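A.B. asks: Chain order of the listed sequences is R and X.
Going by the numbering used here, the letters in the first sequence line up with residues 1 to 482, in that order.
Going by the numbering used here, the letters in the second sequence line up with residues 483 to 853, in that order.
Any given hint might turn out to be false.
Derived Cβ-Cβ restraints for the label pairs, each shown as a range [claimed, not checked]: (1) X:Ser815 / R:Pro447: 14 to 22 Å; (2) X:Arg656 / R:Lys215: 45 to 53 Å; (3) X:Ser815 / R:Thr49: 23 to 31 Å; (4) R:Pro447 / X:Lys671: 48 to 56 Å; (5) X:Asp658 / R:Tyr219: 29 to 37 Å.
Here are a few chain R residues that face chain X, going by a calculated C-beta distance under 8 Å [claimed, not checked]: (6) Phe63; (7) Asn148; (8) Asn162; (9) Val169; (10) Val187; (11) Leu194; (12) Asp384; (13) Phe430.
What the hints contain is simulated information worked out from the structure, not anything from laboratory work.
Just so it is clear, the structure is predicted and the values come from calculations on it, not from any experiment.
Here a beta-carbon is modelled for each residue, glycine too, at the ideal position from N, C-alpha and C.
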Amino acid sequence: MNQAAFLAALRKIFPEHRLLTTPAALAAYESDGLTAFQARPLAVVIPETQGEVIQAVKACYQFGVPFVARGSGTSLSGGALPVKEGIVLALNRLNRILKLDPQQRIAVVEPGVVNIEITKAAAPYGLLYAPDPSSQPICTIGGNVAFNSGGAHCLKYGMTSNHVLGLKVVLPDGELAELGSDSLESVDADYVGLFGGSEGLFGIALEITVRLLPKPETYRTLLAAYRSLEAAGDAVSSVIASGLLPGALEIMDNLSIQAAEAAVKPGYPLDAAALLIVELEGERAQVEAEWARLKEVIDASQPYLVKIARDDEERMRIWKGRKSAFSAVGRLSPDYIVQDGVVPRRRLGEALAEIEKLSAKWGIRVANVFHAGDGNLHPLIMFDGREPGALQRAEGLASEIIDLCIQLGGSITGEHGVGIEKRQYMPRQFSKTDMDAMWALRKAIDPLELANRGKVFPGSEAPALHQVGAHPLERAGVISRE
Amino acid sequence: MSTDLVDELRATIKSSTCVRPRGATTKLRAPANGCTTLDMRRLAGVVDYQPTEFIITAWAGTPVAEVQGLLAEHGQYLPFDPLLTERGATLGGTVAANACGPERYRYGGVRDFIIGARFIDGNGNLIHGGGKVVKNAAGFDYPKLMVGSLGRLGALVEVTFKVFPKPEAYATLRVDCPSLGAALALLPKLTNCPYDLNAIDLVIGAANEVAIFVRVGGLAASLSQRMDRVRSLCGGGEIVTGDAEAQLWRDAREFAWVAKGVPVVKVPLTPSRIPALDARVPLARRRYSVGGNVAWIATSALDELDATLSSLDLAGLILLSAPDDPRIGRRTSHPFAERVIRALDPQNKFGQATPRSPRVNSPADATRDSR
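I would like the entire structure built from these sequences, with the hints used as guidance.
C.D. replies: Right, dumping it as structure tokens:
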């Protein structure tokens, strides 16, 4: 690649202040939410129009330069990690809501629109955009689409892909494609569904048509405290078996409770081994009838304490505690790794018992917060990065937890994506034939492997990384990151 | 046993130049001209069902009705409301044709409930995508890709669905409207209200009379109170319950409102496009389902409809009593689709194009298709 010629081509597209090449300017883009991995790109471009994105992609294709599209950089799996020698397209300025049609209940947005901005724009019409990852106030919709992001409401409402009806995309060679439409229905293969969750490997979404839902009329939220994690897990099974479909069903363990309480004082019982949060939502009369049933089910599960949110303020306090759990763990430990494996719901108890054993084996504290209704675990593996070998041990434990999820019939990722973090585990979940087919698809769409190179597939070319040191698991061939 | 069958199908695909997966032929007919038919009905049976997981896995040739029966024993259902189940529709055909009914309005269509799939591609490889957990972000989303693929991208072997608890009781409000315009004015009031509505269909009758049907499901205890509110929102209407109510929606799903042998065309749209389309098909029986997101048009005048849809930039699919090529109206083709097809079926085994036949159904077709 002729770097100088390529940069000259970029200069024709972008004014100086939107083409970053100095080390100081590039520093902010060297990593995403997974800070253990860092790579400095050749350049960062900041497009303001779809045309500029297309031109930049075409230039990349012409010169064979890999590119990474990025929004707010909240990926927890290294999905927005740059490629050394490649460029980053920072899409935050493509943040226009192009259309909001309350009658048809759709919005057409650019990829840099922050998730919560869609709900804010829809709110005056009594509508909302349902997918709500925890990073909702900052993450962008383009990243949500690329990673098929989740959140607390996936059991009832599904993931991001379920809310995307149409896409205008630029393929890795600069060709444009319109996928899907603005209707809930279609008569073609679901190419929108395939593009969603492909982690940027199929190109860049320039326009995203999402469906909007009416805001639920009412919510009823309760918090039940148990003496054991198993009892809380059993309560989840009972709720499901009762025929109820809660909007959210979450569990926090004692460490998470303590962290949340220390951080935002939601009034959680500090001695609980596990807290279960159940929220019903929908039409008032229906929710009232469901509520009566839910209380019976919860009483039968023998919690030692039940708190019911009497008003919106109390409800928000319960949720504030839950949503702050990740950051609150920072008070207990200087560093932590968040995993997001999934297990079948009936095996949650088994998974938690096993994680406890692994925690003891490695001598590392693990806090557990999870979307219990989905079987989506979020073990927070705590370590002190200043301590020699601590990160490596934490990653060793994380690796065993991922293996555990696969063994129990689950998945290596529920909502964070594979990225660079979990690509070496893909062959453990998928057969060689499956992996070969995925690779064939990748190559058919992007023969030069320019779009988000190095992600999802193990062993593919990866960015050079600034690591904290030699990794024993890498030396042992257990993990790889090149 | 089924594994042997899968191997047999793989071998057939490898050794054939042209193959056509076929289920119960309730919907699209698999043309036989020179292609090897893959009879998927032999791959039948439920593989895994754990009611507390909200998940069911079954072979693709399993009749949907069988799955629905099993789910119902545990108070669960497929919320996307599959079509033509009483005529024997299979799971694989339902996915490949993306055949969802009116109630897909509430929680979503096939794409929203399919979470895992195994299929044989054009290379004869058995590929698995997704998984058996309700939340999964690993790997490319092949299960969704199969929705609406019409057997063009592979032969579905096994599918896994997320399921939900079935509403304990249902009631439907029927609102007769003086005109289509009046009905279309009522529609957004319903689609944007915070009431949990299971289905909203706008039906044009044989004499062009217009009615809106609103289905509500949930706990029996709260249903009449909820129905009163819907009626109040609509400014009146007749509440239908019990067997008559169930029959209303069964007729919609089974296309009982369509005369025998008349083709039925599915047209995805948005409510705002209904007036322009409706004005062009005054002689056809039609039903605007899913809150105005799908038009079902029953007509034998397919060439005319083809031209009409093309001029309105709408795409359609002849779902019932289809000629060899079921596509109608705007044909979509884009480089993304072309590349996906190239990867999954490089030798074009699933896509051997049949010559486009004239859009006229012979009486023989009508008899055969209406079975």
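A.B. asks: Now, for every hint given, state plainly whether the structure supports it.
C.D. replies: These are the hints, each one checked on the structure:
no., hint, in the structure
1, X:Ser815 / R:Pro447: 14 to 22 Å, "20 Å, holds"
2, X:Arg656 / R:Lys215: 45 to 53 Å, "27 Å, violated"
3, X:Ser815 / R:Thr49: 23 to 31 Å, "27 Å, holds"
4, R:Pro447 / X:Lys671: 48 to 56 Å, "51 Å, holds"
5, X:Asp658 / R:Tyr219: 29 to 37 Å, "35 Å, holds"
6, Phe63, "21 Å, violated"
7, Asn148, "5 Å, holds"
8, Asn162, "5 Å, holds"
9, Val169, "7 Å, holds"
10, Val187, "4 Å, holds"
11, Leu194, "4 Å, holds"
12, Asp384, "30 Å, violated"
13, Phe430, "6 Å, holds"
In terms of the numbered hints stated before, the structure departs from hints 2, 6, 12, listed from lowest to highest.
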